[in-house]
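Q: Here are the chains, one letter per residue:
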Amino acid sequence: MNFKARVWIVGDNINTDLILPNKAFYLTHEEQAQYVFHANRPGWAQQVQKGDILIGGHNFGMGSSRAAARSLKNLGLACLIAESLNGLFLRNCVNFAFPALECPGVHAAFTEGEIAEVDFEAATVRNATRGAALKGKPLPPSLMALVQAGGVYQLLEQEGLIAPKA
Amino acid sequence: MGMTIAEKILAAKSGRKAVVPGDVVTVDVDTVILFDNNFMPTNWRDILKIADPEKIVVTFDHRVPAPTQQAAAAQVTGRAFVRKFGIKRFHDVGHNQGISHQLVADYGYALPGSVLLCSDSHTCSAGVFNCLARGVGGPDIIYAAIKGQTWFRCGETVRYELTGSLPEAVTAKDAFLQIAGVHGAHATMNVEYGGPGVASLSINARKTLTAMSAELSAEFATFEADDALADWIRARNPAPWSPVRPDADAKYHAVRKVDLSALAPLVARPDSVVNNSQPVGEAAGTRIHQAYIGSCANGTQDDIELAARVVKGRRVASGVRFIVIPASQVVYRDTLASGAIQTLVEAGAMIAPPTCGACGGGHMGVLGPEEVCITSSTRNFKGRMGDPSSQVWMASPATVAASALTGTITDPRDFLN
Chain A
959 MNFKARVWIV GDNINTDLIL PNKAFYLTHE EQAQYVFHAN RPGWAQQVQK
1009 GDILIGGHNF GMGSSRAAAR SLKNLGLACL IAESLNGLFL RNCVNFAFPA
1059 LECPGVHAAF TEGEIAEVDF EAATVRNATR GAALKGKPLP PSLMALVQAG
1109 GVYQLLEQEG LIAPKA
Chain B
337 MGMTIAEKIL AAKSGRKAVV PGDVVTVDVD TVILFDNNFM PTNWRDILKI
387 ADPEKIVVTF DHRVPAPTQQ AAAAQVTGRA FVRKFGIKRF HDVGHNQGIS
437 HQLVADYGYA LPGSVLLCSD SHTCSAGVFN CLARGVGGPD IIYAAIKGQT
487 WFRCGETVRY ELTGSLPEAV TAKDAFLQIA GVHGAHATMN VEYGGPGVAS
537 LSINARKTLT AMSAELSAEF ATFEADDALA DWIRARNPAP WSPVRPDADA
587 KYHAVRKVDL SALAPLVARP DSVVNNSQPV GEAAGTRIHQ AYIGSCANGT
637 QDDIELAARV VKGRRVASGV RFIVIPASQV VYRDTLASGA IQTLVEAGAM
687 IAPPTCGACG GGHMGVLGPE EVCITSSTRN FKGRMGDPSS QVWMASPATV
737 AASALTGTIT DPRDFLN
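Protein sequence lines, in the order shown, are assigned to chains A and B.
According to this note's numbering, numbering within the first sequence proceeds without interruption in unit steps and concludes at 1124.
According to this note's numbering, numbering within the second sequence proceeds without interruption in unit steps and concludes at 753.
Just chain B, with the same shape it has in the complex (with noise of 0.2 Å):
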């Protein structure tokens, strides 16, 4: 019987011929990556050996530069296993820092047929590169960096077939809304992109597809390689590697089509990701307090350079604050020298490092009581970005900024075409 991209990759990697839906493999695991959350006093356990410290990226990313006294210990402790195990892949904070999903794709550290693990949940982000990649628990990474092994739960797939383009001022985070609000959640279960219509998208839109599917619930998402992905990782990371596609007669759960053609802007209404998406005109008037662009989902420099067109001579609104957060300082870079960092700050933007910020909850825009934000980043749970009475609608960065141009939920339509 064939198999899907997963599910081959979980073959190979745990040394079986075939897997199928249900099995628990054990395989060797390509990469490692490591966050301050993990050097938190509360979470680090000190690792007396590693099984190889080539396989180890290390970054600081949630809580950039260190808002508290404990979050500068975790860099601390960061540091010294860096140091301890002479770590070469570290991204400290300054030239080479960013969040740890971007970083895979800023340095090509995800080669198609790999395994990757990091213990934030977004980790599934690195599956552009068809790759398995999953968020695990901090345990998970400790165990894995030790002995370069892991456990997966093989899960059946859904196939997402792309047809189409997007049309001017849709994004791929409209794409995701739109299967997310009527798919839901895929627990158990891996998401695989395909279809003509992947050609279409860069590799940044279709990374938005599979960082987000963490919101899904989805074991990993993956995408085909074509020539645009090898041109990515070749111009990144010389090492070779070799495409992995499903079989002709991989048996999936479901195979969906979505016409890219046929979207229009979309937003998530506050509390779920899933089974909440309305079209942005039903929330139109919405008053907003904070418009946030950011995120492993939407901070790269597509989002930032889209972001800068909408708002392109114009000026924030007055009572809002937009906080625009390049994914890294990779992103950071390639935005200023476009352009598209100055454009934002003259309409009123503020710009914050690379970091997970207020994604999270953790700093550089934590919402008040009863305040209300609409965001581009991964989350709108209830008091996840800050007060519990606060509340946060999702959609792409253009309707971000042109929400935040007005003060209320705004279609990007309105200044994109």
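So here's chain A without its partners, still in its complex pose (with noise of 0.2 Å):
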């Protein structure tokens, strides 16, 4: 999986309440998405255009178990690259199929609004607008091979588990 995109840019303990606030989980999810960010960063989610990538800081994804990561893809971003990952955040990350990547460097790395560069597989990450190229941590290789297969639900489903989409 390879992405270029402009990036957005927020910083440290983005928890998931943030992510996906309570007032949303009755709504489908593509109205959920439009939720992002709601309470730091009005307006934001109507923004964010399809393909691009979001940058954050440490622990990124902390608090509770909610599928926020289901919203950041939903809301069309291509991938998350952030200093740390939160442990449950990343599960979902890998449930949802949405590529989040652990990059150390890459959050002083970029303006909002500069243009990254991203081999997910490889876990490199180079600042297409300056240059600059670093290296994060690769997904563990089933989990990798988790979010290629489309994440959980796809798989349980090929394999007759859980019943198709309504």
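Please keep in mind that the hints were generated in silico from the structure rather than gathered at the bench.
Model, not experiment: these values are computed from the prediction.
A hint or two may mislead.
Said to hold, decoys possible - What follows is a list of derived Cβ distance ranges for each label pair: (1) A:H987 - B:H519: 30 to 38 Å; (2) B:K420 - A:P1096: 38 to 46 Å; (3) B:Q678 - A:E1117: 48 to 56 Å; (4) A:T986 - B:D428: 23 to 31 Å; (5) B:A387 - A:P1000: 41 to 49 Å.
Unchecked claim - DSSO-like mimics (lysine-lysine), calculated; alpha carbons at most 30 Å apart, straight line: (6) B:K483 - A:K1095; (7) A:K981 - A:K1123; (8) A:K1123 - A:K1008; (9) A:K1123 - B:K424; (10) B:K424 - B:K385; (11) B:K353 - B:K391; (12) B:K424 - B:K391; (13) B:K420 - A:K1123; (14) B:K385 - A:K1123; (15) A:K981 - B:K718; (16) A:K1008 - B:K718; (17) B:K587 - B:K353; (18) A:K1093 - B:K587; (19) A:K1095 - B:K353; (20) A:K1095 - A:K962; (21) B:K483 - B:K385; (22) B:K420 - B:K483; (23) B:K391 - A:K1123; (24) A:K962 - A:K1008; (25) B:K587 - A:K1095; (26) A:K1093 - A:K962; (27) B:K424 - B:K483; (28) B:K483 - A:K1123.
We put the CB at the ideal spot given by N, CA and C, even for glycine.
Got two chains here, separate frames each, mind docking them using the hints?
A: Here you go:
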């Protein structure tokens, strides 16, 4: 998976309440995506273009187990690159096949609006605007395989263990 | 090389002799807990087969009784799932209902050495029972229910060596706020609580520490087993088990001492749990609109009885909503029997039925614009309990109760000493 797009930047300890607030729980997945960062950056979700890349700080996705990764994916973001990912949030990135990469130094290497080039499997990130290159931490092979397979539901559906989506 | 408690269980459950930090392992799962949010129309996927119905627990806790049609629909779906697979451990709205993590304690669902999963982030609460318990994603739960397995990434472990005992009016919540304030996030790492001070803490108090460890972003939180733990489990579950002790030469990321005797009441300022603690005195005088006691972290019998001691014979301040939520029907009945509920109601508290309630901003005390709340629940993130402009301070049930009486953030030692 390779991506080249402009980046948006957020800080450390972004929690899942900010990504998927309780008030959006009863809405459709597409509507939920419009509430990403509603409390801390109102109007941002409406500016995101399909294929954009999000850059985060340390412990991105801390907090609850809600399907926050699904909202980032449904918003149209191609991938997330963070200094570090919260362990529970990483699980949901894998579950929903949303490419998320840990890459120390990424936060300081970009200014919002610059262009990033990402090779997800190789875990490389390049600032295409300025030329600097970074090496992230590749996902363990078993988890990478799950992402490439389209996530947990895709896998269980293929194996006939859950009903096809209604 | 020696192993920590978490490493030992990861190794045993993945059929390996040893694990080291960095390993990704597939483990057998002993207990899978589903709750109402799993069955919400936007989350649920119809399961066609499950590994073992005896390993499943189902409860409704986040939105109980159903506040909306969607929440009610989720419960209908959950009941159909229970019928379809003959799930015996079902805690429907009624006599045996409660917050999942409290039910684990009430009914002895977590045995030392076992692996327990639930897709609520505070599932690490069950680590108080010397087991591996972790909050995972909704799809992880469906996968584990079907396959009986899950994956874990083994992280390093930080050990907290507790000594001494807590002074009057100081609680395990204050001990947590001390750790969170000084050491911040423990992302990718496990926390292990032990030491001679553990014996002075009730199981409920220890459970506050493990539940709140979710806020440290810990992978797993574990306590060592002792006689008090053995007595608690044996009174509720006759199944056999063996304690898991860390090896003497276990390798820790850090070993940190916490002298419980030296602690004082703390509060966390709004918007972040970690790196955000201060002595209650520094926040004293801050005006509040709501005081909230409940959640998986602090809705136990100990917490409600402590709050009752603070407010006994007194009245909640005018203009303050004091909401108290027992974490389960068992806790509700026990605190009714002890008289604590009557004391709280006479003081002006509103008692809500067992539910996660407003801890997650769902219902039963959601905040409006610019409102200020002091809570003993699990999180104070911006907008979590309601309007993004509301402010949530976090403290112990004693501090919350004392603040309810004065209408401002108040040191509980003013009432308990």
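Q: Now tell me if each hint is right for this structure.
A: Hint check:
1. A:H987 - B:H519: 30 to 38 Å: holds, 37 Å
2. B:K420 - A:P1096: 38 to 46 Å: holds, 40 Å
3. B:Q678 - A:E1117: 48 to 56 Å: holds, 55 Å
4. A:T986 - B:D428: 23 to 31 Å: holds, 28 Å
5. B:A387 - A:P1000: 41 to 49 Å: Holds - the Cβ-Cβ distance for A387 (chain B) and P1000 (chain A), about 44 Å, lies within 41 to 49 Å.
6. B:K483 - A:K1095: Distance ~29 Å between K483 (chain B) and K1095 (chain A) Cα, so the pair holds.
7. A:K981 - A:K1123: Cα-Cα ~24 Å, so holds.
8. A:K1123 - A:K1008: holds, 24 Å
9. A:K1123 - B:K424: Since the Cα atoms of K1123 (chain A) and K424 (chain B) sit roughly 27 Å apart, the hinted pair holds (cutoff 30 Å).
10. B:K424 - B:K385: Cα-Cα ~16 Å, so holds.
11. B:K353 - B:K391: It holds: about 25 Å lies between the C-alpha atoms, which stays within 30 Å.
12. B:K424 - B:K391: holds, 10 Å
13. B:K420 - A:K1123: holds, 19 Å
14. B:K385 - A:K1123: holds, 16 Å
15. A:K981 - B:K718: holds, 13 Å
16. A:K1008 - B:K718: Holds: K1008 (chain A) and K718 (chain B) sit about 27 Å apart, inside 30 Å.
17. B:K587 - B:K353: Within the cut-off at roughly 16 Å; holds.
18. A:K1093 - B:K587: The hint holds at about 29 Å.
19. A:K1095 - B:K353: Answer holds: K1095 (chain A) to K353 (chain B) is near 27 Å, not above 30 Å.
20. A:K1095 - A:K962: Cα-Cα ~19 Å, so holds.
21. B:K483 - B:K385: Judged against 30 Å, a Cα distance of about 9 Å means the pair holds.
22. B:K420 - B:K483: holds, 17 Å
23. B:K391 - A:K1123: At roughly 26 Å apart (the allowed maximum being 30 Å), K1123 (chain A) and K391 (chain B) satisfy the hint.
24. A:K962 - A:K1008: At roughly 12 Å apart (the allowed maximum being 30 Å), K1008 (chain A) and K962 (chain A) satisfy the hint.
25. B:K587 - A:K1095: holds, 24 Å
26. A:K1093 - A:K962: Cα-Cα ~16 Å, so holds.
27. B:K424 - B:K483: holds, 19 Å
28. B:K483 - A:K1123: holds, 19 Å
Of the numbered hints stated above, none is contradicted by the structure.
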